Amino acid sequence: MTKFLDSFSVVLKRLFSNRERFKALSLYFFGCSFLAFGLLSGGLWHPAKLVKDLFEIIRTPDYLLTDYTAVGGLSAAFFNSGALMLLFTLILRLLKMPISGLSYASVLTVGGFALFGKNVFNVWPVLIGVALYSLLRKEPIQRYIYVAYFGTAISPLVSFFAFGLPVSSLLRFVVSYTIGIFVGMFLPSMASYFLTLHKGYNLYNVGFTCGLVGTVAAAFFRAYGVQIPVQKIWSEGNNLVLSLFLLPLFSFVIFCGWLLNNRSLRGYRKLMKHSGRLLTDFVILEGVPLTLINMGLLGIISTVYVLLIGSQLNGPTIGGIMTVVGFTALGKHLRNVVPVIAGVTIASVSNSYDLAGPNNVLAALFGTTVAPIAGEFGAVWGVIAGFLHSAMVNNVGFLHGGFNLYNNGFAGGLVAIILIPIIKAIHKREDL
Amino acid sequence: MALDKEIVTRVCAQLTKYLLERSAESLNISITKAKKYYEVRIVSKVFLKDEELNLLKSYLNVQPQEVGYYYLPLIGEYGSEEDLAIIAMLLKELDLNYDESSHELVISFRVR
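Chains X and E supply the protein sequences, listed in that same order.
Take the first sequence: its letter number 349 is residue 350 in this note's numbering, and every next letter is one higher.
Take the second sequence: its letter number 13 is residue 15 in this note's numbering, and every next letter is one higher.
Some hints could be false.
As the list claims (entries may be wrong) - Below, a list of computed lysine-lysine pairs in the DSS-like style, where the Cα atoms sit at most 27 Å apart: (1) X/K271 - E/K51; (2) E/K59 - E/K47; (3) E/K38 - X/K139; (4) E/K35 - E/K51; (5) E/K7 - E/K59; (6) X/K200 - E/K19; (7) E/K94 - X/K139; (8) X/K14 - E/K59; (9) E/K19 - E/K94; (10) E/K7 - X/K139; (11) E/K35 - E/K19; (12) X/K271 - E/K19; (13) X/K139 - E/K35; (14) X/K139 - E/K37; (15) X/K274 - X/K200; (16) E/K19 - X/K274; (17) E/K37 - E/K94; (18) X/K97 - E/K47; (19) X/K425 - X/K271; (20) E/K59 - X/K97; (21) E/K35 - X/K271; (22) E/K51 - E/K38; (23) E/K7 - E/K94; (24) X/K233 - X/K50; (25) E/K7 - X/K200; (26) E/K47 - E/K19; (27) X/K200 - E/K37; (28) E/K19 - X/K425; (29) X/K14 - X/K97; (30) E/K51 - X/K274; (31) E/K94 - E/K47; (32) E/K19 - E/K51; (33) X/K139 - X/K97; (34) X/K274 - E/K59; (35) E/K51 - E/K7.
Note that these hints are calculated values from the structure, not bench results.
Predicted model only: the values in this text are computed from it and were never measured.
Make a model of the complete structure from these sequences and hints.
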């Protein structure tokens, strides 16, 4: 065992000697794991069915809440997620982007949401739109690439037009892509502007932006009599198989971080001193080994939380877990996440929704977008933020009709905007 | 405001905020307009512990990155301490010297 540990440690450190390559490899690792799980859970033996299920995922309206593991099965959903993570990592490498906390957060978030809303068809128009924006402004695409990645939150709008308009197929696709590109072209400017509204206390800033874009889109639909049906596709019964995939995956990530950190957790306490407010890039500030430990640790905690409250591991909840894991490279850690989850859980046992139902479990996982409030002002404010978020998130989805996949980013932005001035008044701090 | 002027303003504001929070006794900012860029030199009398100095160095030891421009609105007025890492993405020829005996910190840089 010791021999194996030593030789694995040597291999890992050799890979780690080229930091950029190692960081890219670790990102590819997540994509490959999801892709492999997708193939090994059926797709490899039934490729024709995999293609058919993938098409079903693409064709189904994606607005909230659409669980791809229910629509296309585990195999197609994980294949879609893994493929998107690999492609988005590849794009970063082709653009020669340095891999940072933002890279982990954006790629893993895309991968998570590729289990319930983003797919290989609907993500590209936003990317093209952002690329056109940078082209028109004669600025490098590298400046806005992460806005493009996070901006794919609005992808269900593309699918809505592509498969919902009562016109010819070609026209539907042209219209859907044109609208996606149009939205993408305005996202960088809007997202950058909205940063100042919540002052970096809402980690899913593009989610807040897409929430407003989705609200405008839904308002127009409703104004012209187009109804956006409420959808709730939620799978059950896969807890065992998905736990057997996720828990070893996150344990392996911790193990690698631990080995690279000279077989210790040294420095983790220092990492937790950061408030987590945007832009706390742990890869830059604390290094890859501690970031990996943080990622694995919160991945396990999130997974166990879902199981403990009796909820389901499925597309949306794994999307939530992956988003938590991604953002552990960009501000989230034990000290600022746990109070928020506690706040949502307190709200969950007292509100009118089922504790283990989608409303509450997703609010707990994605609600950690307001973790910087706990990081900056302490656990009590974190609990209050979580409690408030739980109520807000269940009320704002109607506004954008589910077109914004980052519903919690939208709600989190509103929570931060409301709560920060109150904290400022109580703490008598003028620097907020 | 042109982008380079906005960067200079925000970067100086963020660094000023950081140093004043560490009880800087004095702080002088000199900005010189060269042909294609601004040259900035900040001289401050401030007591920094080893830990604080290392943290400041690690914040500023970040390679230039385009993404820094996107997060520019956070820097200065709204920024948290960690945003010093974004600052470094926007600067070049950044130099930091701290004289432990006289507690004098000199930071100089050019805006990209």
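Below or equal to 27 Å on CA atoms is what counts here, so check E/K35 against E/K51.
This hinted pair is violated, its Cα atoms lying about 33 Å apart.
Need the status of pair X/K200, E/K19: alpha-carbon distance at most 27 Å?
16 Å, holds
Just to be careful, I want the Cα atoms of X/K139 and X/K97 compared with a cutoff of 27 Å; is the pair within it?
Distance of about 18 Å is within 27 Å: holds.
Checking one constraint from the list: CA of E/K35 to CA of E/K19, max 27 Å. Satisfied?
At roughly 23 Å apart (the allowed maximum being 27 Å), E/K19 and E/K35 satisfy the hint.
Holds or violated: are the alpha carbons of E/K51 and E/K7 at most 27 Å from each other?
It is violated: about 32 Å lies between the C-alpha atoms, which goes past 27 Å.
Between X/K14 and X/K97, is the straight-line Cα distance small enough, at 27 Å or below?
Holds: X/K14 and X/K97 sit about 23 Å apart, inside 27 Å.
Does X/K271 lie within 27 Å of X/K425 when you go C-alpha to C-alpha?
26 Å, holds
Given hint E/K35 paired with X/K139 - CA-CA distance at most 27 Å:
24 Å, holds
For a C-alpha distance cap of 27 Å, please report whether X/K271 and E/K51 respect it.
The hint holds at about 16 Å.
27 Å Cα cutoff - pair E/K7, X/K200
Holds: E/K7 and X/K200 sit about 22 Å apart, inside 27 Å.
For a C-alpha distance cap of 27 Å, please report whether E/K35 and X/K271 respect it.
Answer violated: E/K35 to X/K271 is near 39 Å, above 27 Å.
Is the hinted pair E/K19 and X/K425 satisfied, with a Cα-Cα distance of at most 27 Å?
Cα-Cα ~18 Å, so holds.
Hint check: violations occur at hints 4, 18, 21, 22, 27 and 35; the rest are consistent with the structure.
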